[in-house]
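Using the sequences provided together with the hints, build the complete structure.
What follows is the residue order along each chain.
Protein chains: 2
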Amino acid sequence: MSTLHTLPAHRTTDRLADLLERLQRQLPGMTRQLLHEDDMLYRSGARLQNLYFIRSGMFKTTTLSADGREQLVGLHFRGDWLGFDGLASRQFRGDAIAMDIGEVWAVPYPALLEVCMADREVMTVVHEEMSRQISRDHDSMLARCSLPADARVANFLHDWAASLDQRGLRSDRIKLRLTRAEIGNFLGMALESVSRALSRLAKEGLISFPEHDRRELHLPDVTALARFVHDSIERGAGASLKVA
Amino acid sequence: MSTLHTLPAHRTTDRLADLLERLQRQLPGMTRQLLHEDDMLYRSGARLQNLYFIRSGMFKTTTLSADGREQLVGLHFRGDWLGFDGLASRQFRGDAIAMDIGEVWAVPYPALLEVCMADREVMTVVHEEMSRQISRDHDSMLARCSLPADARVANFLHDWAASLDQRGLRSDRIKLRLTRAEIGNFLGMALESVSRALSRLAKEGLISFPEHDRRELHLPDVTALARFVHDSIERGAGASLKVA
DNA sequence: CGGCTGGTTGAGGCATCTCAAACGCAGTGG
DNA sequence: CCACTGCGTTTGAGATGCCTCAACCAGCCG
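Just so you know, the sequences run in chain order A and B. Residue numbers for the first sequence follow the working numbering, so the first one is 1331 and each next one is one higher. Residue numbers for the second sequence follow the working numbering, so the first one is 1331 and each next one is one higher.
Don't take each hint at face value.
If several chains are the same, the list does not tell them apart, and a pair holds so long as it fits within one copy or across any two.
[As the list claims (entries may be wrong)] Straight-line distance between alpha carbons at most 25 angstroms, and here's what the computed SDA-like set of lysine to any residue pairs gives:
#1 Lys1390 / Glu1458
#2 Lys1390 / Ile1563
#3 Lys1390 / Arg1462
#4 Lys1390 / Ser1465
#5 Lys1505 / Glu1541
These are computed hints drawn from the structure, not numbers from a lab. Source: prediction; values computed, not measured.
Structure below.
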């Protein structure tokens, strides 16, 4: 959260490298899968056979309600796992779509269970990944419920940058591979509001569109973004419980 | 979801009974804990030693952002697990508070890992519970982002009733153990809006306050509630992606 | 009694949504 | 090559749903 780009080590990456080594040795059933932009890794309703581990690329996941509403619920990067939400019902509850050329490892769930039972480290890593997903979802809820539109967009960009940074990628430049409508759907606001929020953030100098391609944007100062989010809480404390 | 009170069997309960039997045999370190209304099971920042399995009662969990905002993120009932979100950091990320007199089993996480490694069934149940939590969170996000205020409250009550029903409890009567402010915080709206929404739902006959205690409410027809939620989507499709 | 907490309701304001128009761009087909 | 179309984006103007502020009520407790 706090000091974003001073984070030196990439905690998770090391353990994951370790994990993957184990998996590779112990899971001959694991297969690689290459995907292009807009390829579906899995779709809602499909039987869950594998969990997916992202080696490279970005993915978006959606959820589907009983009555047909659909929402973008997450962006996922290298090192993330996909499919946890389908474990209980053995059936995916939303789609996972590549936003870019990417590679995943498809890990057959029964085989993964096998490895977990043999290898404590693997099991804890799996648990921790699920736990992290839950935490991230909770943060996501909080952001959507307690921030005004502009701050919600700023927070969205900030989180994205933090994800990139955490993985050692450059975080001062983001290629938005989402339409304004998708961002709006993700954040719970109208596409026009997203567009306006981006325009305002640009006017404030918090972001800029150097390429004059309105999906390519620069974040000159990520901490300023965080500050902007934080400040907009002070002004109106929204629906948050207590600002201790 | 769909045919709410016709659900006869309680799928999860059976498997959990089974699981608990195993746990009890294999986990002497597991302890029972009794809580009264407003007791804190754990608090944000505390080191995670145990996961908690709810034997009876209701619990609410919150999440805390880096900058001090707090949000109610979940209600939990008999058969649910608490603490998953803290596994990754070995530290709780929010509070868990009893809303009633209740009993939990505190399961030392290292011991649980041990059992998981020995007992495949236990491990899959744990995974499935985490998975279910993720799914529920996603549903929650969707509801908060795509429904207008009244429908959000209706959906909230409907989910609550569904949870009760799933556990074989009577679902036509809910004792709200939350203030309007907490409900608002949970749903991302002002407490006055919650109050107004409840009044309107009562005027529509979808709920009633028989006790003239405004926290005790009856749901004469749960399917009507579901219909109300569904209908309010038609009117204005909110920020939902596609209404296939 | 008097203060406190929680709930309801009204009035007004504002943030966001909706509707609408215009633009750039890419693809397509004459 | 040039319409022509469709999609994504921006921006404006007006409508509105929700929030804020405020008053009031009821129950509870010291």
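Each hint, compared with the structure:
{"no.": "1", "hint": "Lys1390 / Glu1458", "in the structure": "both (21 angstroms within a copy, 22 angstroms between copies)"}
{"no.": "2", "hint": "Lys1390 / Ile1563", "in the structure": "between (28 angstroms within a copy, 24 angstroms between copies)"}
{"no.": "3", "hint": "Lys1390 / Arg1462", "in the structure": "both (17 angstroms within a copy, 20 angstroms between copies)"}
{"no.": "4", "hint": "Lys1390 / Ser1465", "in the structure": "both (17 angstroms within a copy, 16 angstroms between copies)"}
{"no.": "5", "hint": "Lys1505 / Glu1541", "in the structure": "within (10 angstroms within a copy, 56 angstroms between copies)"}
Comparing the model with each numbered hint stated earlier shows that all of them hold.
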